[in-house]
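> Chains as they are written, first to last, in the working numbering: chain A, 1 to 577; chain B, 1 to 577.
No wet-lab data here; the hints were simulated from the structure.
Note that the structure is predicted; figures quoted are calculated from it, not measured.
The reader is advised that the hints may include incorrect statements.
Any copy will do: because identical chains look the same in the list, a pair fits if it lies in one copy or spans two.
[What the hints assert, rightly or not] With a Cα cut of at most 27 Å, we get these calculated DSS-like pairs of lysine-lysine:
no.: 1; residue 1: Lys3; residue 2: Lys157
no.: 2; residue 1: Lys3; residue 2: Lys162
no.: 3; residue 1: Lys512; residue 2: Lys275
no.: 4; residue 1: Lys382; residue 2: Lys65
no.: 5; residue 1: Lys157; residue 2: Lys7
no.: 6; residue 1: Lys157; residue 2: Lys8
no.: 7; residue 1: Lys380; residue 2: Lys512
no.: 8; residue 1: Lys389; residue 2: Lys404
no.: 9; residue 1: Lys157; residue 2: Lys382
Protein chains: 2
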Amino acid sequence: MTKTALKKRIDTAAGRIPADLVIQNAKVINVYGGTMIEGDIAITDGCVVGIGAYEGIHTYDAKGKFAAPGFIDSHIHIESAYVTPEEIGRLLVPRGGTTIIADPHEIVNVKGLEALTYMLEAAEETVLDIRYMLPSCVPATPFEHAGASIGATEIEKALTDKRILGLGEFMDFPGVVGATEFALDRLIAAHEAGVPIDGHSPGLSGLALNAYAAAGISTDHECTTVEGMQERIAQGMYILMRNGSACHDLEALLAGVTPENSTRCLLCSDDRQPKTILERGHLDDHLRICVRHGLDPITAIRMATLNAANCFGLSDRGAIAPGLRADIVLLDDLTDFRVSQVFIAGELVADEGEYLPPVTRRDSSAMESSFHVKDFSAQKLKLQLNSDKVHVIDILPGGIATGKGTADIKRGPDGDFMRDAAVDIVKLAVVERHQNTGNVAVALLRGYGIQAGAVALSIAHDSHNIITAGITDADMAFAVETLIAMGGGVVLVKDGVVLESMPLPIGGIMSKESGQWVDERLTAIHEVAHQELGISGDVEPLMTLCFMSLPVIPELKLTDMGLFDVTVFDFVDLETE
Amino acid sequence: MTKTALKKRIDTAAGRIPADLVIQNAKVINVYGGTMIEGDIAITDGCVVGIGAYEGIHTYDAKGKFAAPGFIDSHIHIESAYVTPEEIGRLLVPRGGTTIIADPHEIVNVKGLEALTYMLEAAEETVLDIRYMLPSCVPATPFEHAGASIGATEIEKALTDKRILGLGEFMDFPGVVGATEFALDRLIAAHEAGVPIDGHSPGLSGLALNAYAAAGISTDHECTTVEGMQERIAQGMYILMRNGSACHDLEALLAGVTPENSTRCLLCSDDRQPKTILERGHLDDHLRICVRHGLDPITAIRMATLNAANCFGLSDRGAIAPGLRADIVLLDDLTDFRVSQVFIAGELVADEGEYLPPVTRRDSSAMESSFHVKDFSAQKLKLQLNSDKVHVIDILPGGIATGKGTADIKRGPDGDFMRDAAVDIVKLAVVERHQNTGNVAVALLRGYGIQAGAVALSIAHDSHNIITAGITDADMAFAVETLIAMGGGVVLVKDGVVLESMPLPIGGIMSKESGQWVDERLTAIHEVAHQELGISGDVEPLMTLCFMSLPVIPELKLTDMGLFDVTVFDFVDLETE
Numbered sequence: 001m002t003k004t005a006l007k008k009r010i011d012t013a014a015g016r017i018p019a020d021l022v023i024q025n026a027k028v029i030n031v032y033g034g035t036m037i038e039g040d041i042a043i044t045d046g047c048v049v050g051i052g053a054y055e056g057i058h059t060y061d062a063k064g065k066f067a068a069p070g071f072i073d074s075h076i077h078i079e080s081a082y083v084t085p086e087e088i089g090r091l092l093v094p095r096g097g098t099t100i101i102a103d104p105h106e107i108v109n110v111k112g113l114e115a116l117t118y119m120l121e122a123a124e125e126t127v128l129d130i131r132y133m134l135p136s137c138v139p140a141t142p143f144e145h146a147g148a149s150i151g152a153t154e155i156e157k158a159l160t161d162k163r164i165l166g167l168g169e170f171m172d173f174p175g176v177v178g179a180t181e182f183a184l185d186r187l188i189a190a191h192e193a194g195v196p197i198d199g200h201s202p203g204l205s206g207l208a209l210n211a212y213a214a215a216g217i218s219t220d221h222e223c224t225t226v227e228g229m230q231e232r233i234a235q236g237m238y239i240l241m242r243n244g245s246a247c248h249d250l251e252a253l254l255a256g257v258t259p260e261n262s263t264r265c266l267l268c269s270d271d272r273q274p275k276t277i278l279e280r281g282h283l284d285d286h287l288r289i290c291v292r293h294g295l296d297p298i299t300a301i302r303m304a305t306l307n308a309a310n311c312f313g314l315s316d317r318g319a320i321a322p323g324l325r326a327d328i329v330l331l332d333d334l335t336d337f338r339v340s341q342v343f344i345a346g347e348l349v350a351d352e353g354e355y356l357p358p359v360t361r362r363d364s365s366a367m368e369s370s371f372h373v374k375d376f377s378a379q380k381l382k383l384q385l386n387s388d389k390v391h392v393i394d395i396l397p398g399g400i401a402t403g404k405g406t407a408d409i410k411r412g413p414d415g416d417f418m419r420d421a422a423v424d425i426v427k428l429a430v431v432e433r434h435q436n437t438g439n440v441a442v443a444l445l446r447g448y449g450i451q452a453g454a455v456a457l458s459i460a461h462d463s464h465n466i467i468t469a470g471i472t473d474a475d476m477a478f479a480v481e482t483l484i485a486m487g488g489g490v491v492l493v494k495d496g497v498v499l500e501s502m503p504l505p506i507g508g509i510m511s512k513e514s515g516q517w518v519d520e521r522l523t524a525i526h527e528v529a530h531q532e533l534g535i536s537g538d539v540e541p542l543m544t545l546c547f548m549s550l551p552v553i554p555e556l557k558l559t560d561m562g563l564f565d566v567t568v569f570d571f572v573d574l575e576t577e
Numbered sequence: 001m002t003k004t005a006l007k008k009r010i011d012t013a014a015g016r017i018p019a020d021l022v023i024q025n026a027k028v029i030n031v032y033g034g035t036m037i038e039g040d041i042a043i044t045d046g047c048v049v050g051i052g053a054y055e056g057i058h059t060y061d062a063k064g065k066f067a068a069p070g071f072i073d074s075h076i077h078i079e080s081a082y083v084t085p086e087e088i089g090r091l092l093v094p095r096g097g098t099t100i101i102a103d104p105h106e107i108v109n110v111k112g113l114e115a116l117t118y119m120l121e122a123a124e125e126t127v128l129d130i131r132y133m134l135p136s137c138v139p140a141t142p143f144e145h146a147g148a149s150i151g152a153t154e155i156e157k158a159l160t161d162k163r164i165l166g167l168g169e170f171m172d173f174p175g176v177v178g179a180t181e182f183a184l185d186r187l188i189a190a191h192e193a194g195v196p197i198d199g200h201s202p203g204l205s206g207l208a209l210n211a212y213a214a215a216g217i218s219t220d221h222e223c224t225t226v227e228g229m230q231e232r233i234a235q236g237m238y239i240l241m242r243n244g245s246a247c248h249d250l251e252a253l254l255a256g257v258t259p260e261n262s263t264r265c266l267l268c269s270d271d272r273q274p275k276t277i278l279e280r281g282h283l284d285d286h287l288r289i290c291v292r293h294g295l296d297p298i299t300a301i302r303m304a305t306l307n308a309a310n311c312f313g314l315s316d317r318g319a320i321a322p323g324l325r326a327d328i329v330l331l332d333d334l335t336d337f338r339v340s341q342v343f344i345a346g347e348l349v350a351d352e353g354e355y356l357p358p359v360t361r362r363d364s365s366a367m368e369s370s371f372h373v374k375d376f377s378a379q380k381l382k383l384q385l386n387s388d389k390v391h392v393i394d395i396l397p398g399g400i401a402t403g404k405g406t407a408d409i410k411r412g413p414d415g416d417f418m419r420d421a422a423v424d425i426v427k428l429a430v431v432e433r434h435q436n437t438g439n440v441a442v443a444l445l446r447g448y449g450i451q452a453g454a455v456a457l458s459i460a461h462d463s464h465n466i467i468t469a470g471i472t473d474a475d476m477a478f479a480v481e482t483l484i485a486m487g488g489g490v491v492l493v494k495d496g497v498v499l500e501s502m503p504l505p506i507g508g509i510m511s512k513e514s515g516q517w518v519d520e521r522l523t524a525i526h527e528v529a530h531q532e533l534g535i536s537g538d539v540e541p542l543m544t545l546c547f548m549s550l551p552v553i554p555e556l557k558l559t560d561m562g563l564f565d566v567t568v569f570d571f572v573d574l575e576t577e
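One chain only, chain A, in its complex shape (with noise of 0.2 Å):
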């Protein structure tokens, strides 16, 4: 800051010249008290000075409302919304989000840190100030192909960067129990920088957790038990209480916040679809949950805003008050959390869910082009069983976590598994996308209830290879080389004809076009994967096969590799016996 901007600063909270803006007339929520304080908000160059009785250049009448400090998304993956960060900014802003903690390890795990200036640079095309944390397992474990591999050095290096805030979720929790030269080599190089690293956890207790702990890792968004956040807050972890569009564990969590231990608590949504944010909301959505569940508005707007300022060492922001960023949402009420007005460093940004400033996108052709797929066939997909039992993948309704189950089907001559309309089991393969490795891995899935057809994907968390489920060989094969021609997305087939599609051209993972367009595609989809292809109703058809391939949530998955065990974390036989 020069001494002339900070003169101004002080002069205008001092009340000798007018601040640039004073919105009058507001409840400000006070984040630090606890309490609530009506008055007018000076501004200045972005910043507040003042909560008082102000003369300003500009007014804007608050009308009454409540005045809280901007939201900020202590944990987010961009990409889970198939959109841009751009369009991420439009999404968000009106809803109150004005700062996110985004881990970009969806598009670097395609393009690697090329990925990361890309994110970097569409980031500065919004108001939505996007903090990034540096991916930390790329890929998330060595059991399987992505399309990059961030080693350490390239952590050091990508950490002198400013605008990365810390070291990402760090999946590999084994390896970080374990001690393994992997995670020691990324762990000491975010030390060295002096950067949070957040973490992922999930299930994890005891001995192991102090050693998770003792690694330097601050934070989890995994945790879905009250036990396991009592046990995680001391250990000086902060909970990260997430509310995606798969996961909600915010309802759970809630129970175990006390006066005590509620600045430990924060909000976050890991992953969150456009139809989640357009029809529910973001943090606002979050509130709603929180105070109907009997929490105090202003100690859950603490966790959706001052809480994550400090976790992350945000100093400028979390709070109205002198010398912070003038991020202000301003709310209705303290029930219902209806955003009405959005001001991102001073600037009125959005007006009754309109964003305001105009929509211009970065250049993400250096994106594009990221399928590199070698001698696949339906062939591929033919298993050769040794026996009848075999291992199944169990889909667990409401969530991403999997069970490790048997079954007896039946083989045909060769070995292959046979169908059996009868019995809710088909075939799941995961085909290597990014290396030209020429891999393809089969396993059986149970409970996804697909009865005609194929549905393939190049989402597939985090590695992104493709991954399909369906009921013959040919229809896989057809919809695994109609999703490569048309470079990624989603596509459904049935008897060797396209029945619905989702083009993501951004490294197979992400749309170049706005939210409501990726709501209506998947809207589409849906339904086509329901009515035509029978696909149960309590399933959700592609975030289910989305995190099919992600060997860090329990139980059984299956990479590019093979069939994976993630509570031994690795890979078991496909045949029981």
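Guided by the hints, dock chain B onto chain A, whose structure is given.
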């Protein structure tokens, strides 16, 4: 941290190798969650690695005691205990102090940045972790002469030293609110360095307080009312609740602590003399007071630990949790907070009140010879008053603030003040001692009660000129001359005879002796002051004079340049008309 060290930490936390030390059978205070955990604390390389069931190379049986994080005093002036950093460590550690945030502005006012170097070096001789804030206002105001002047350039350079946490209390609050060049230059230096700035804003409110906060000042330890506390907390300031030897604001402020704002409240001493430490302790005394006033003990402990760590960015301490420094205090109970053992960085450093490490001391000879007084004589104590109606400095017992009073006095034929034994008004003088200016300022003091002789001392916050009060010019002059001859300290005289004294050779404000020695000297001095000189029983004879020259504490003060009205921040005539 090296990779080997991190691996060892993780391996120990996971229970694969034994810890260096295990503190067994402790009830561990969890300041993050406000709960208690029964278990063993495993420590390796000076850090906690976990709480659970652990094997250790060494073990220490806590016998069911409470284990709290080491106490952090968020604001203290070591020099106010009249001892060196080595000695303050010996005094505070056995009472649970493991880190102090010290502002060495007393000695720096005398000896400049050379004194900062001495204080940094001396701090290395004690296990107490002494972190310094860089004195911001040396001299405190332009209205006095000190031994040094620290400008923005010096501040900029000194703040590159990582041992300096931030910029010390910005006492020139009118300068900040008025955005003077003096204040702006210094504030900018701190902002550029990205460090916190301590505040000092007694009585500030409304737009003026907004301006002070907008300048980026983030703490206040001068807050004395619940109303002022609430206003500051809403501004994002941390409240350092003071309980020192002279100022006892903690009790009043506790009424303002709520579950919502408690994380913004810290505990501090500011000025704490050996007597207070030896008799009542350190932050253990604060904790007793907190609990006696109904505060939950863990909330109180959090104020003495985690809150201070958060406020000053000390991310390696403040709790007992994996990865943090093993600064641990064992307490018999959570009512009396009797400290039985203290561990710092995993080493037992105090046991049942005894400081265990050997006490070594740095050479302090560069801090001696601090007197440069020109042409002093009794003649300079004479007044030439133009009126009988004068301003008097009114002593307000129990604090360091004074009142701006008026009185009708008797004048001699030469216009000099003539003492009336029936009226409790005497002369007060400040003799400049750093720069050979020859300045001597004389004023009138009411309520000191002195009936014989004179007192002189070279402790006079913050510029530490010589201050004297007495019945006759002759005894005042004799006291000043004796003080200069002995190289500084405190001297009490009567009718040309020295009754009692305490030499303070380090800068004229600190002893090379122990806290016990200082206490014995002070006890003897106080006895003589009250019994031989007749100073009022409700007046602290030395502390009252020590703060008489500090032109940032209301209401009327005396510097070497004259009588100063703090409320208008300017000099004022001795005569009222």
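> Hint by hint, which ones does the structure fall short of?
Hints 4, 7, 9 not satisfied by this model.
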